[in-house]
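Engineer: Just so you know, the sequences run in chain order A and B. Read left to right, the first sequence gives residues 1 to 683 (the numbering used here). Read left to right, the second sequence gives residues 1001 to 1341 (the numbering used here).
What the hints contain is simulated information worked out from the structure, not anything from laboratory work. Check before you lean on any hint, since a few could be wrong.
List time: in silico SDA-like cross-link candidates among lysine to any residue, alpha-carbon distance up to 20 Å [what the hints assert, rightly or not]:
hint : chain 1 : residue 1 : chain 2 : residue 2
1    : B       : K1232     : A       : K414
2    : B       : K1232     : A       : A484
3    : A       : K414      : B       : R1174
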Amino acid sequence: MSNDQDQIPPISPPHASPDEERVGVYVCHCGSNIARTIAVEDVAVWAEQQEHVVVARDYKFMCSSLGQELIEQDIQAKGLSRVVVAACSPHMHERTFRGACQRAGLNPYLFEMANIRELTSWATDDREAATSKAKAQVKGAIERAVLQEPLEPLFVDINPNTLVVGGGIAGLTAALELADSGYHVYLVDRDSSIGGQMAKLDKTFPTLDCAACILTPKMVDAANHPNITLMTWSEVVAVDGFVGNFSVQVRHKPRYIIEDLCTGCGTCIEKCPSRVLDQHFEVGLGYHKAIDRNFPQAVPKYPVIDTTHCIYFQRGKCRACQVVCPTNAIDFTQKETFEQLEVGNIILATGYEQFDARRVPQYGYGRLANVFTSMEFERMVNAAGPTSGQVVLRDGVSAPQSVGIIHCVGSRDKNYNEYCSRACCMAALKFAHLVHERVPDAEVYNFYIDIRAAGKHYEEFYHRVLEEGTHFIRGRVAEVTDAARGPGEEGKLIIQAEDTLIGKQRRIPVDMVVLMVGMEARHDSRNVASTFGLGCDFEGWFTERHAKLDPVVTMTEGILIAGACQGPKAIPESVAQGSAAAARVAGLIGRRTIKLEPVRASIEAAACSGCRICNNVCPYHAIVFHEAIKISEVITALCQGCGACVAACPSAAITGAHFTREQVLSQIDGLLWDMQPGVLVLA
Amino acid sequence: MQYGYYPGCSLERNAGAYHDSTMAVAGVLGLQFTEVDDWNCCGATEFFSVHQMQAYALTGRNLALAADQFAPKAALPVIPVEAAETPQLVAPCSACYLNLSKVDRYLASSPELAAKVNTALDAGGLHYDPGSLRVRHLLDVVVNDAGYDAIAARVQRALTGLRVAPYYGCLVVRPGFQGQFDDPEYPTTLDKLMRVLGAKVVDFPLKAHCCGGHMTQISEDVALELLRRLLKNAAEYQADVIVTLCPMCQLNLDVFQSAVNRRFGTNFNLPVLFFTQLMGLAFGLAPERLGIGKEFVASRPALAKIGTSGEVEQERAVGKRAKRRNDQSLPMPYMPEEEER
Ligand SMILES: Cc1cc2nc3c(=O)[nH]c(=O)nc-3n(C[C@H](O)[C@H](O)[C@H](O)COP(=O)(O)OP(=O)(O)OC[C@H]3O[C@@H](n4cnc5c(N)ncnc54)[C@H](O)[C@@H]3O)c2cc1C
Ligand code: SF4
Ligand code: SF4
Ligand code: SF4
Ligand code: SF4
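All chains, please: the whole structure from these sequences, using the hints.
Structural biologist: Encoded structure:
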């Protein structure tokens, strides 16, 4: 959308009676996309003979600047009062053509688009049927256009504050960039520390710089930034409002620590007698205390009490932490609290979860001691992890002499997820390198389908690992078993796979197996999506407005997405999306006001019976009921123009601007023109 | 619950114990099995590769007979057709089950094939419309229709102390077939059933590998090697018995066990029982009614362990939960099913 649209007030001709309207019809070839299946010239010639139509043309690319100029010239030279373009989906180019109308002085809402590409030429090969359907669509558009009314956009102020949900690398990047540009950010993370999945990693491909060295400075920056309000151990429970003016409710879960008093000294952690398996940060490979933080460099530094394992919460005794805390920061009576935030834009960066390796039982995870997941291995090689960086078997002491790394566990597999998880090939190569580094004489076997090393310096890293002597076996693994067939296999894990390059079944005995589990959408991503009013695809990843051209924006204005919540990706792409989302938001805030579509509902007070049906139908809570006069009213700024109330009102008291009953019914009549020759019954 | 019952040739001969115990257990669980009249051989595992058309017709005849016999007869005209339940046909043998459901599915997906088969059936005055039967394996019916809870409620003498290796064989979970009721790679229904009966289920990685089928008759070398792997694996996990759901698997593992021992110089002594026999024991039925004692490798010594603690010296997996002092081992992954018990 061009910016000058916002400024120039449209000059609209006075509203004439429908009979006097002068309509121009433009039929697009879309190269061969439409012209191959629809006789576009015929449609144009036919259109010119229709009532109201002053001029009809067909043109190769209506959206090109030449195509748009055609419309502009006709409006001025022929005095058109309505424009119809038969082309692609309004999602693609409605804005383009509205812009052309506006530039020529015609109110942009006196324009109507007929989608003869997605709905017609792409849907069939039958030229005759497609052509006659296109005519019906054009007829419907003409009949509707003549009844359209000029509308003026609504302008609302943009709240310059932004909410970022999720403090992984994507969310952190977005928050820091906005904060550095001078805008205030609320950074909400449900975990006790920010950092996300990256905080668990050891080294990062392809450069092998340590994850902590590049991540923790950013975490600390976020905590100390004057423009960032950090809210960990918190979740968004409700979102109201619309772009520029969201009202968000945040729930702060009780930490049982008074943050203002806690110095982060860690004495409580040391003295807590309850030591339990850490299924979350250490992915079950290490332990934590009932009062603890994810890792020593956690941000913020305050610990959290895990009430299910705290002896005091379970049995009413202990309080050791309270006794030892030098600043009296422990408060067992804390309750959850709620806070209301007002923000103009929201960036979701809620990341991903790992595929559950137990779902592939033939790989033995959970049964065979020395089968590990990639995240377990990542914790193992991490110097701050449960083995202080040593690569060892489940017995905790012996180093493996051979390691088999299995790619695509749960990914590229019709039984689980069909997609490629994108980062695991590179992580697998990184692991091969790290095994060689930590256990120099160990043999490493990578079982892969294809090596996906598309990224800057990725292929070079693959070659480096090849040269280090890693064995690569191309084929999907059938099973991992400890059922030895012969002496060479006794006491080993045997990986059975078809080596597709030599066309043979192979059995490779190894000491340790690492499963490169795929990335999955967060288990609750659908709930989160519905809280924020955005869409999810079949697998639960958040849906972007356009996969190629608009990957960080969603269909809901003011709600953006970044990082692995949109689909599997590695750190570089997650960071790029975080920055992109921040830039989009900063651009919007810079405009101070935002133009909203005037497509809104309104209630005719005299016709409203006060039945309140519409009150509950509206998904945006945009309708209020005036108890005193027993009449409902639409709050225009909240209404999103969905039309639900219009259809629901039993008294036909609600009208959707740009979608009035008359407009819609006459469009239907137009679509059915060949069923009722000559007569057009206007409702 | 009413079912058509297709015993198959084995259950009349070598697997008589399977038939007897099935009937005994069905009685306890209230499953009513009515045998298909005048049924014939299903074609077993090899006829389909020898004479494909004849094999389809051979199995098709069984389907036609069953569909005719079990079709809801006096359905009132007011009841819409869809509401009448598809009659179900149960097969205790994995090969029969696979062949019956395979033929039903192939006929449904190829009208030409169905027409040819029906031409053949017509000679005997028979006709089969694909999809008019729901073919199920006995195990599926027992665990999913009777249900684990009902089974648990009938247990009178839990199989405590008995270490069981659950063996599914390769036919029953062949992927993609109608009626598939378990994971094709690593099935667990039989494991769960044995746990419900109180037995200790040992890990058995080869649970869905092939027993050799009729290879014992064609290439003894191949068959004995396959059997050796299975027996070795069950023995390594210190199983007291192997439990199966297929007469072919049972026969191979039981009857050829001594041949394996001779060939490889091993001394496996693993009784191989049908799951229905163990169910019957747990239900407190007399061993004689369940065909116990008909097996080659005697099961009585192993069954004598029922009621004992059944603990073996050391668990194989390291890193189990119980931690000793100075134990540096890493924790094993959390497995939800283990907690269930
Ligand atoms: C084994 C393994 C190794 C890897 N190694 C590398 C590597 O070497 N190099 C590389 O580039 N990439 C690597 N990756 C990929 C990398 O982990 C991801 O690209 C990156 O972590 C994605 O960051 P993110 O911010 O999008 O998501 P996340 O890191 O998942 O962060 C999401 C954050 O949002 C929070 N959150 C989630 N839901 C909510 C909610 N509803 N409300 C509030 N907060 C919420 C979470 O607590 C978390 O803090 C690896 C991945 C794996 C599995
Ligand atoms: S709660 Fe007390 S003991 Fe624990 S880290 Fe904070 S100040 Fe230290
Ligand atoms: S009260 Fe709970 S958190 Fe505090 S020391 Fe005791 S067990 Fe640990
Ligand atoms: S990135 Fe590699 S290992 Fe991961 S799913 Fe894709 S191909 Fe498989
Ligand atoms: S059109 Fe009606 S239902 Fe839809 S948002 Fe507006 S007021 Fe609510």
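Engineer: Now tell me if each hint is right for this structure.
Structural biologist: Now the hints, each set against the structure:
| no. | hint | result |
| --- | --- | --- |
| 1 | B:K1232 to A:K414 | violated, 33 Å |
| 2 | B:K1232 to A:A484 | holds, 9 Å |
| 3 | A:K414 to B:R1174 | holds, 16 Å |
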